[in-house]
Structure formats: structure tokens, C-alpha cells
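Chains as they are written, first to last, in this note's numbering: chain A, 12 to 364; chain B, 12 to 364.
No lab work stands behind these hints, which were simulated from the structure alone.
Please note that the accuracy of each hint is not assured.
A partial selection of chain A residues facing chain B, derived with a Cβ cut-off under 10 Å [as the list claims (entries may be wrong)]: (1) Phe16; (2) Pro17; (3) Gly96; (4) Glu97; (5) Ala100; (6) Leu203; (7) Gly222; (8) Ala235; (9) Ala238; (10) Ala240; (11) Tyr330; (12) Glu355; (13) Gln357; (14) Ile359; (15) Ile360; (16) Gly362.
All C-beta atoms, glycine included, are put in the ideal place defined by N, C-alpha and C.
Number of protein chains: 2
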Amino acid sequence: MAGHFPPLRFPIVQAPMAGGPSTPALAAAVANAGGLGFLAAGYRSSADLQDDLLRVGALTRQPVGVNLFVAEYTVVDEAAVAAYGETIAPLAARHGAPLGLPRFDDDELEAKLAVVCDARPPIASFTFGCPSSLAVERLRERDIAVWITITDPDEARLAASAGADALVVQGAEAGGHRGTFRDADGNGEIALLPLLRLVRRVTGLPLVAAGGIGDGRAVAAVLAAGARAAQIGSAFMRCPEAGTSDPHRAALARPGRTALTRAFSGRRARGIVNAFMREHDTDAPSAYPHVHHLTAPLRAAARHAGDAEAINLWAGQAYRLAEEAPAGELVSRWGAEAASALREAQAIIDGRV
Amino acid sequence: MAGHFPPLRFPIVQAPMAGGPSTPALAAAVANAGGLGFLAAGYRSSADLQDDLLRVGALTRQPVGVNLFVAEYTVVDEAAVAAYGETIAPLAARHGAPLGLPRFDDDELEAKLAVVCDARPPIASFTFGCPSSLAVERLRERDIAVWITITDPDEARLAASAGADALVVQGAEAGGHRGTFRDADGNGEIALLPLLRLVRRVTGLPLVAAGGIGDGRAVAAVLAAGARAAQIGSAFMRCPEAGTSDPHRAALARPGRTALTRAFSGRRARGIVNAFMREHDTDAPSAYPHVHHLTAPLRAAARHAGDAEAINLWAGQAYRLAEEAPAGELVSRWGAEAASALREAQAIIDGRV
Chain A
12 MAGHFPPLRF PIVQAPMAGG PSTPALAAAV ANAGGLGFLA AGYRSSADLQ DDLLRVGALT
72 RQPVGVNLFV AEYTVVDEAA VAAYGETIAP LAARHGAPLG LPRFDDDELE AKLAVVCDAR
132 PPIASFTFGC PSSLAVERLR ERDIAVWITI TDPDEARLAA SAGADALVVQ GAEAGGHRGT
192 FRDADGNGEI ALLPLLRLVR RVTGLPLVAA GGIGDGRAVA AVLAAGARAA QIGSAFMRCP
252 EAGTSDPHRA ALARPGRTAL TRAFSGRRAR GIVNAFMREH DTDAPSAYPH VHHLTAPLRA
312 AARHAGDAEA INLWAGQAYR LAEEAPAGEL VSRWGAEAAS ALREAQAIID GRV
Chain B
12 MAGHFPPLRF PIVQAPMAGG PSTPALAAAV ANAGGLGFLA AGYRSSADLQ DDLLRVGALT
72 RQPVGVNLFV AEYTVVDEAA VAAYGETIAP LAARHGAPLG LPRFDDDELE AKLAVVCDAR
132 PPIASFTFGC PSSLAVERLR ERDIAVWITI TDPDEARLAA SAGADALVVQ GAEAGGHRGT
192 FRDADGNGEI ALLPLLRLVR RVTGLPLVAA GGIGDGRAVA AVLAAGARAA QIGSAFMRCP
252 EAGTSDPHRA ALARPGRTAL TRAFSGRRAR GIVNAFMREH DTDAPSAYPH VHHLTAPLRA
312 AARHAGDAEA INLWAGQAYR LAEEAPAGEL VSRWGAEAAS ALREAQAIID GRV
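All chains should be modelled from the sequences, with the hints used to inform the complete structure.
Structural data, given as C-alpha cells:
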């Protein structure tokens, strides 16, 4: 199985975007166009995941993967979490929302693995760490390929040892949570292009490049850099098939800059800078998913109210390339763009320009 | 002139690396191998620059560019600079070095422009801002192409308006100083791949991609992403022709991580994390070149003593790819690697793998 990579018409993987944007409709649209769709199991119940798998199966016969969180329990500074709760309490009150209960949970990993083993999608990808050797064994017995997200060469080594069939190489430009195995300043800050080259020195596994890829030229670029496929997130977020909230969609259509912050979840993630991030970034402790739960009711209320200044606006550094267009149209356009980008690059190398 | 790009056997530009690594021998070796060499005028006197131009002219008949700083005077917090001096004074004393006089200077820009106008290299590139319209006019009258370094789409717009013939697009992964027009947190943090695509939306000028490029596959990647050439720095620093100091060479050969810091110069720059950076990063004010002058004697003494923990170890995120090999050999190897990388990428796009 190792080294095997699913045949795709276009080497384009739709990034699993937990928390709303990923839907069965988006995954199916990408899959039907010849890319690889993904369901994001994160933050959903195992029953929801089961529903999503049924729904996607009704929409496409093409392969669609499932992404799972493997968040490990770490000791957090509970006093710091409580203090952080106090700093955001006034804003929560203004939105008529309670503070959530800060707590660890493992996102129902075992139950979701059981759902996946039952449904047998072609690929299960993992974020925030490596699945156990037992989990890898169970998946492989069912011909489910194991992809592991990594952000530096050390994580790549660990993932290869854990039995990954492919690595999702997440550059620092990526939107949403950093997939670092450990949330620490200085971890996971390598940009995609150098990261692909550094990771290739430690493993021969197929690499799926993720982060800041928003058009066909960028797809071509990561293939040239040694990736087997390009994983794209933000550039799908304005698709009609995506579940992106209205205030999030509007923010993606405006100029802005992105930054990493722990303010929303207690784990570093990249989003468009807004008032919440500016006001709370420096106070937020490293405590995931504790802070995620703490801020969840506030964010839900703000989202409902259309207040883009109080919600997490996950986006990668290339988010301004995102267009409001059907996902399938984007996939085939990017495939054609990638082919012509490679021809133009070849002309430069050959001295024909 | 706009849109014109010098003919090169390989689309590889040797990054100007001020402060030692760039030498006439390195520029000539790259030029003779079919890349574009560069002299780094920064921190040198105009008389030194004149010497360098004579020396490079004796070593190659191929084109070699000259890079100039255009640091603009900005008001700095003099009390903060003085306080910073106090924090580093004990270390300076241990090295038997005085503190330098913190001050602004414009790196002899006018005198160097006169030297360049006289010597007529094919290209003058600029860092930290745009040259004046008068300077651009003088250069163009002498058929000297004007390249301007930029780090975001707004700077790209300004540079295009200032009359640039090409833009050096510096991604956040680059080693050494950020080329931002203004040194501010949050400025210049976009990684190369998304930056190339975002800049292309605002200008049709030829783009030279810089930052984290350390081998032929990365060269191919930036060409596919729309660049006309790849500018490479760290990967040339271990060449015998480079003027890189011994402790810096040794650090480049060791594992480590890089980060941005103002600790050495008062302007954000990327280098390998060492004791000086860890201890002084948070105290260092934004004050360039004031802090550069303040720390210069200490750094010179530490460099002389071979102490890698007290000097600026500028390096990009891909520095571990740097090899100890002649520059010309690297250029031709990278050219061949780039060509085969494009063929392999084409095979993926065509569905032949």
C-alpha cells in the first residue's frame, strides 16, 4: 500500500475544512469533476459523520476521503484558561451567549474510526498527530489509505514510522489550524515550498502539498516541487456547494491580511485579522480544544448575527484568489491552468523565451 | 525597457547577500555558469563598490547586477535604542568590543548610484524601498534595468509606478532582511508561492522569485508559479567563492530553525536561531540601521572569535539544502534538476503516473 496513490483525473485534493465549509455537496462536486473530495469529521458527531458519508455516497461514485482529528490530551494551564474566559465574557454577554465549558475531548476519535472502517472510504487523513498503530492496522486491513498531516521534517519522520501511505505537507501559509503535533510558538512555521524540499530529504512517501494554493499555477508549482497532488481549501470556500457562513464569505471577498492566532480555539490557526483576533490574540493560552469550547457559543451567536468581527475567519494567505464559482468548474479550470503553466515554465528552462 | 528581461542560460539569479557572503568571485562564478550574478553594495563604501565592479569585470564578461539599499529615514525611539544598548553592553564587554554609535545613514546611496551609472551593469536592484524617479531615469538612460524588491501586493503596485522593469518578489521564507518598505509587525509575512500569485494580479512585470529556493525543483516550482527566474541566496552561502564567515558556514551545516528578529539590526531579518536571538529578540526596537551600527563591533568581534551564538546567522527556511560545492556546479545542476522536475510534473498532469 505504501507509495500507492489513488488515480485522479486532476491532482487536486479538496482540503477538509472542519467547522462548516466542508459539506458532502462540496466533496461530491470536486470528486465528480475529477479531483479528490474530502469530508471533515472534526467537530461533528460520529452519527453526523455517518450521515455525511451516506449523503456523499448518494451524490458521487468517485472517491472521497475522510479527515479525522487526533488531538492528544495535554496538561493545560487552567487558571490561564479561566482568566481568558474573563477577558471574553463581556463580548459573549453582548452577543447574549454564555461561555462554553472549557474541556478536553478527543472529538470521538474511536467512534469515528469505527464509522470509517465500516464505510471504507479510500482514504482517511489525520490532523494534529499520528493515529495509533492499531488504528493504522485496522484501516489498512480495509484498504483505507492513511494520510498524515505534517508541518516539519521531524513530524514527517514520525508519520512515516507510524505507517502513513502519504503525507499531507502543510505549509505555514495554510488557513485554519496548524496541523502541528504540538502547539508551540516556532512550531510549524515553514512555508510550503521549502517544506516540500526538506521533507523529501527524510521520506520517499507521496506528498500532498497544502497551504496557500489558490489556482492552477500554484498546483503546477507544487507538482514541480515534488508533490503528488495539491490540497486546496480557501479557494473552495466561496463555492455554492461549501457550507461557509455568510459573514465568512463576505470577509473572503474583501482585502485583508491573515495571521496565526490562538484566540478562538487555544491552538494556532490562520485567519483573516478581525477585531476579536486583534483584541484577544496576546491573551489566549495554548489550550486546545479547551478554548474552542469556551468560545463556541459566542462564535455561534456572532455567526448567526452576521458579525464577522467576532468569529474565526479561517483563511490561507492566498484567500483573495477565492472565487464564487461552482467547485467542479474550478477543478477543471485549475487542471488546465496547471498544464499550461508547466508548458510556459518549460519554455523558460529551454531558453525559448 | 519595461518587461524586458536579460537573456540567461539558466533562470537562476544569485541573491545579493550584503555583509560578507556576496563577493565578486561568487557573482562571477554564477555568471560564468549561465546564471545572473549580483554584487551586494549594502554596508560597503562607494569606493569598495567600485573595486568590486572592477574585480568582477576581470573575472567574467557575463552580466552581473548590483543591489543597493534605499533605506528611508524614519523617526526612531532613541530611548528604546539606548535601553537596548544597555541590555547588550555586558555581552559586548565580554567580547572586548565597544557599542557602536546608533545612527541613521543612507548607505551612501547617491555616491553608489554615481558608481553604478558609471559602470553600467545591466541591472540595479533595490531593497527596502523604491528609488526616486530621478534615479530611475538616470539608470534607464544608461540602459541599466531597475529591479525593485517587494514583499506584498501594495509594494508591488508602488514599485511598478516607480518605473521598475522587474520585481524581486521576496517571500517570508527568505533569509536576511525583509525587503519591506516599512519595518512593522505583520508586514512582509506572505510566503513566496501565494505572494507570486497575488502580485501577478496587480502587475504584468517580470517577477524574480526569492525566498526558500534551494534546489532545481524549487526553481521549477517558481517558474510554474509565474516567475521569470529564481533568486537563490542561502544555497550559495557554503560555496568556496562566497565570503561567508567560518562560524556562519558551520551553522549552515547544522540542523536548526530560523526565525525573524530585529535583535541584530533593528529591522526584521531571518536567521538561524541562536543565543543572541533568543536573549534579545523581544527587547530589540524597530530602528534601522541604528541597531545595526550599535551591534556591529560586537558582531565583528564575535565573528572573529568564531562565536556563532553572538552573530547574525542569516539564512532562509531551506538553508539545510545548502551544499559545499562550487557555485557554477550548483547553477548547472539546478538547471538540469528544474528541467526534469517540469517533465515529472507534466507526467502527473497528463495522468501518465
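Going down the list of hints, with the structure as the test:
Because the beta carbon of phenylalanine 16 (chain A) sits about 8 Å from the nearest beta carbon in chain B, less than 10 Å, this interface hint is met. The interface hint given for proline 17 (chain A) is broken, as the beta carbon of that residue sits about 12 Å from the closest beta carbon of chain B, more than 10 Å. The interface hint given for glycine 96 (chain A) is broken, as the beta carbon of that residue sits about 27 Å from the closest beta carbon of chain B, more than 10 Å. Nearest Cβ of chain B to the Cβ of glutamate 97 (chain A): about 26 Å, over the 10 Å cut. The hint is violated.
Interface restraint check for alanine 100 (chain A): the shortest CB-CB distance to chain B comes to about 28 Å, outside 10 Å, so the restraint is violated. Annotation: leucine 203 (chain A) was flagged as interfacial toward chain B, and the flag holds, the nearest CB pair being 6 Å apart, inside 10 Å. Because the closest C-beta pair between glycine 222 (chain A) and chain B is about 8 Å apart, less than 10 Å, the hint holds. The beta carbon of alanine 235 (chain A) is positioned within 10 Å of a beta carbon in chain B (closest approach about 4 Å), and the interface hint is therefore held.
A cut of 10 Å between beta carbons decides the hint on alanine 238 (chain A): the least distance to chain B is about 9 Å, and the hint holds. For alanine 240 (chain A), the suggested interface contact is upheld, since its CB lies about 8 Å from the closest CB of chain B, less than 10 Å. At its closest, the beta carbon of tyrosine 330 (chain A) sits 9 Å from a beta carbon of chain B; the interface hint therefore holds under the 10 Å criterion. With a cut of 10 Å, the hint placing glutamate 355 (chain A) at the interface with chain B holds, because the nearest CB-to-CB distance is about 8 Å.
With its C-beta approaching chain B no nearer than about 5 Å, glutamine 357 (chain A) sits inside the 10 Å limit, and its interface hint holds. Interface hint at isoleucine 359 (chain A): satisfied, since its Cβ lies 5 Å from the closest Cβ of chain B, which is below the 10 Å cut-off. Interface hint status for isoleucine 360 (chain A): upheld, as the beta-carbon distance to the closest one in chain B is roughly 5 Å, under 10 Å. Restraint check, glycine 362 (chain A) versus chain B: the minimum CB separation of about 7 Å is within 10 Å; hint holds.
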